[in-house]
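A.B. asks: Spelled out, the chains give:
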Amino acid sequence: MNQVRVAVLSGFGINCETETMAVFEMAGASADRVHINRLVNGEMTLDDYHIMAVPGGFSFGDHLGSGRLMGNRLRFGLRDQVKRFVQSGKLVIGICNGFQVLVKMGLLPGDDEVSLTQTASLALNDSGHYENRWATLEFDPNSPCIWTKGIKRMRAPIRHGEGKFVTNDRKLLDRWSESGQLVVRYVNPSSEYPNTSDEILPYPISPNQSWRNIAGVCDPSGLVFGLMPHPEANHSTWLGATWTRDIAEGEHGEGEGMAIFRNAVEYAKENLQ
Amino acid sequence: MGTVTPVYIYEVTTREVAGLTDARGDAIKAMLASDHGVSVGKVRVILGYQVRANLSKIEAERAKHDLFTDPIIETASLDNPLLNNQEIFQKPPDIVIQVGFKPGVTDNAGQAGKDGLDTLFRNLLPEVEVATNKTYLFWDVPSNVSASDLARKLHNPMIERAAIANRIDCQRSNWPSLEFPDRPTLDQATPAIVDLEVSDEELIEISETGLLALNLDEMKAIQSHYRDPMVRKERQGLGLHPNAPTDAELECLAQTWSEHCSHKIFAAKINHKDTETGESSTIDSLFKTHIMKPTLDIQKEVSWLLSIFHDNSGVISWNDNWSLCIKAETHNSPSALDPYGGAMTGIVGVNRDILGTGLGARPIANTDVFCFGPPDYSGNIPEGLFHPSRVFRGVHAGVRAGGNESGIPTVNGAIVFDERYLGKPLVYCGTVGLMPRLLPDGRESHVKTPSPGDVIYMVGGRVGFDGIHGATFSSLELTEESPSSAVQIGDPITQKKMIDMIIEARDEGLIQVITDNGAGGLSSSVGEMAELTRGANLDLSVVPLKQMGLSPWEILVSESQERMTVGVRPDDCAAFEVLAELHEVEATAVGTFTDSGAFVVRMGEDVVAHLPISFLHDGCPQLVLDSEWTPPIHPEPILPDISQMGETLLRLMARPNIASKEWWIRSYDHEVIAQSVIKPFCGVNHDAPGDAAVIAPIHGQTQGAVISNGIVPRYSDIDAYAMTAASIDEALRNAVCVGVDLDLIAGLDNFCWPDPVESRKTPDGRYKLAQLVRANRALDDVCRAYNLPCISGKDSMKNDATLHGEKISIPPTILFSLIGNHSDVRKAVSSDFKSIGDQIYLCGESHQELGASELSYMLRDESAGKSGIGGRVPEIDTTRNLAMYRALTGAMNESLVASAHDCSDGGLAVSLVECCIGSDSGAEVDIYSIMSDCNQIDAWGALFGESLGRILVSVKPEDCKTFESAMEGHACYALGTVESGDNISFYNGGERIFSSSMTNLRSAWKRTLDGGGQ
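Protein chains in written order, with my numbering: chain L, 1 to 273; chain F, 274 to 1287.
Bound-form chain L, shown alone (with noise of 0.2 Å):
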């Protein structure tokens, strides 16, 4: 295929669309802004593209809970095309407030029949408020998470006041765990890899004190993937929390967080038409 096409969603307060563009470009993809409205109004269609992303931002101010009614816009304004696409075997990220999106609208953890059904939840941070913090995170290396192929760690920012990954039937998380969808957890930075632990680390280690210390998840199939903290922030070696210390002159370039959309642009070429 030549060209893969990045639908980056944009309108009603999601901000981080401009870097979440930029990153799906310089790994080789066309990305286009796609105000929510234009697909609702028939003058776009996601059938146009191999990628939708849902940025971080901060849609309808996090008002009656964070991604609850940016979820409902998609889940009733758009609920034929968002399950056409997923059930076509497109990719879709939703990062921060996008990923809030995508487990409110019940298309994270989800399921098979991508019935979209609510069954997890970010809550409020046990801090109780919003915070930007660099954290650390590993990676399942037995999810099927095509965004996630071959990534060990990562450092990117958390900046959210609600990531908290919570459910009501605890029973979901071993059935996930085994499927391989906790596929990004919060790691302590000192320890070697592997080091995931169910048990909750100590904040800061987990910004939020997520169940299992997830920080991001996939649907069954791996297509679908979301994560509270920022990969598209650390694009690039000059922005990372302790580049001064940690990267000599000579070795700058593409930054930690930018292996997550290459994973997907490659598979895009390779897999979908």
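It should be emphasised that the hints constitute simulated quantities derived from the structure, not laboratory data. Check each hint, because a few of them may be wrong.
With a cut-off of at most 30 Å between alpha-carbon atoms, the simulated BS3-like pairs for lysine-lysine come out as follows [unchecked claim]: (1) L:LYS152 <-> F:LYS330; (2) L:LYS149 <-> L:LYS90; (3) F:LYS1234 <-> F:LYS573; (4) F:LYS330 <-> F:LYS387; (5) F:LYS337 <-> F:LYS315; (6) F:LYS1034 <-> F:LYS1229; (7) F:LYS337 <-> L:LYS171; (8) F:LYS542 <-> F:LYS566; (9) L:LYS171 <-> L:LYS269; (10) L:LYS83 <-> F:LYS387; (11) F:LYS387 <-> F:LYS407; (12) F:LYS337 <-> L:LYS83.
Dock chain F against chain L, hints included.
C.D. replies: Coordinates of chain F only, in the frame set by chain L:
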């Protein structure tokens, strides 16, 4: 409406699940303990939604599940108080307090609820109304704390209502329940005529009772305008009263001529005397003489000053493709009355200044600098004021919400504490904007291109009763009668939608002229742009309103937020409206630009104001003021014995002005847009303070922009000249620390002064005005020397509060902000020491300058005033400093510098501790070289003095020789090395002065402002 539409009441709370806490309740509990010393057992929070909508019972149930409740983590009720549910609340609470907004106050969550209902049930709007509230449940409240005590701490009666259930009510299950906040119906007043053919006393009374903030000369200038036979004749022809202004005209003039909008003190003629030198001179406008002139002179020498002084912000060319603009505003008075709403409207307001620059710039970075009373203040608080810790928390929450929700990173800032900010906190909000040099249609983006005939659109929010008289109110001192209508809450999401839409419209070439609706509302925005075409017609009857019944003058001057005014060519109107609809932004054609020479305002058919453009903009008479400078005399500080130095440093690290602000800064998004190179935090544990911010806003490119701030109000107590010079030097020093390109730097001057006009209320006006004169002279001298043009600025001149006869004036305060170029961000330098064994150098000269230092203030506070603040305030030597800065940035360009950190508050010792915090290391330094090289300096002066032009750097051992030769000819002292372990040790000629534990210093530094928990 209202009588037949049902109101549904939804209540939502966190579900009882193991491993899930009610984090909202926990945060309230922590806040009560931290800010008020009140320790309660447990707090729970219930979110309430009152929904007035034509929903069936079934639909209302559906909204509960699909909209108001998160089915996984929340539990909810419809029309049945959750407090009655004993499965959730087994033990009844001791106290319950419900807090909701007063009628007419912006309720963003309510707006979101309305939008959510529209997604579920199309065609419900516009009749639906949603009001939100929060119910706080308390258990185990100390018996000496009453329900009303708690209620006072949880709501601001200026904008909120509280309903209370005390201990007895709770036993009887008598739960609080607020009424639906119906807006009171307003009676639209018919346009009135104001008779100005009255005595001088009555003219003053008209100004005072109308909150016009006009003085007698100004009132008389208006009076004589309406005596002009030509004016009278013209008015007769228009059907207006020929001899007197309408209320709308008078209000419009008051807004345009307000101190806030027209900077009358900076434009005044000042007779200046200096009793020390015998100088007696006249200054015709401080602004023209000391701010505009130097910048215009610099503009002749450089090519990158694109737009200065005439737009909403100054614009510089950053490279061939992009330009940058910057603006800072203050929002002091509103923040005193409602810290949250005042600060939030401050930040989203200055974002609109950027959006309204040229043909529209995109805001890409915010800066927030606050001045508060001490957070641990234990003295008397005059009634009508909040405790500084509450102001701090509210202001912080307001800019956090405003910045974060708008998707604009807060990249740099400062927080300064002084008792004199008790009356008026200072809330400086700054924003940097980015725009392409050329638009797709070939126009230069920094030039507005209006023509007569262009259609005037009001875009964004609606006009309401909130925000009337903000501009004139901020031009008055704060009193207990200050109006609540001057206070507003921002709506960042409405504004974000508007920003998205405006930037798209700009790129499609649909915008000819744009400005924001801030102070003075439409009267200012349309009035100012009308100056460009020489006229405008405005019809108030089509302006969308939040509530019916506003009088024409109220619609004209209301400062309701989130609005831009845009001029669009008639051919482009259809496309402009389509874009607005797509983004769900309201855009209404409210008039046209003309070349008639007049600003004509109608209400439907009736003319309600007709103001000649020349009179509106040039008719305000120049003030004539007197100033007189006599230097103050302060006793010298009483320095402790040198054996006390380690202990002194420990206490200094815990001073609020020096202590870590990490808890507060972390809750600002400082990295959105993915451009953040040098962040507010650096170091191995991400907790050491950064100096300037560096951003690389074009993704994938390595050219950067540097943003920094300088503020040292303490020095005004000795000399406002020194204060200003130090502020500019601090901003530049911070920028130098990260490696700024010194050939492309621009500044912003932001003055906050106590009223400097001599009067009965201000008997020391001449001195305060002399301080202003001296500050301006410093600005002139230093900016010229540093080749640092001021491209934009602002002044706020009435920062006094008089409450029950007690007057509190702020210390004269300048915030100097800087924006500069960074040629290659990969060479940017951070403040943390990098490796054990690196050599530590101090660049710049140290002198015995402890006057007004943080150390002197600490010793004064600890001795109840016996120890003085001294007389030797740091002096500036711009030539010496600039030469050193050039050498140092040159060395950074050669990658010779491992770390660089500014020496400012607390001097060298504090700076060194901060560098060690960043590397989790210790250090050994010997100050002998500083002592031997500078006359009359002692160890206190060397370690705690705040001499300007000093930067503490570290260098890898292998680079030391090259570094030293790069710095040849400049003061640069090798002090010692970065050491492993916990000790930081200070020597003088090999003899140890003291040694301290970094663990202790770090924890003292972190504890003071830890925000009440994690």
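A.B. asks: So which of the earlier hints does this model not fit?
C.D. replies: 1, 3, 6, 9
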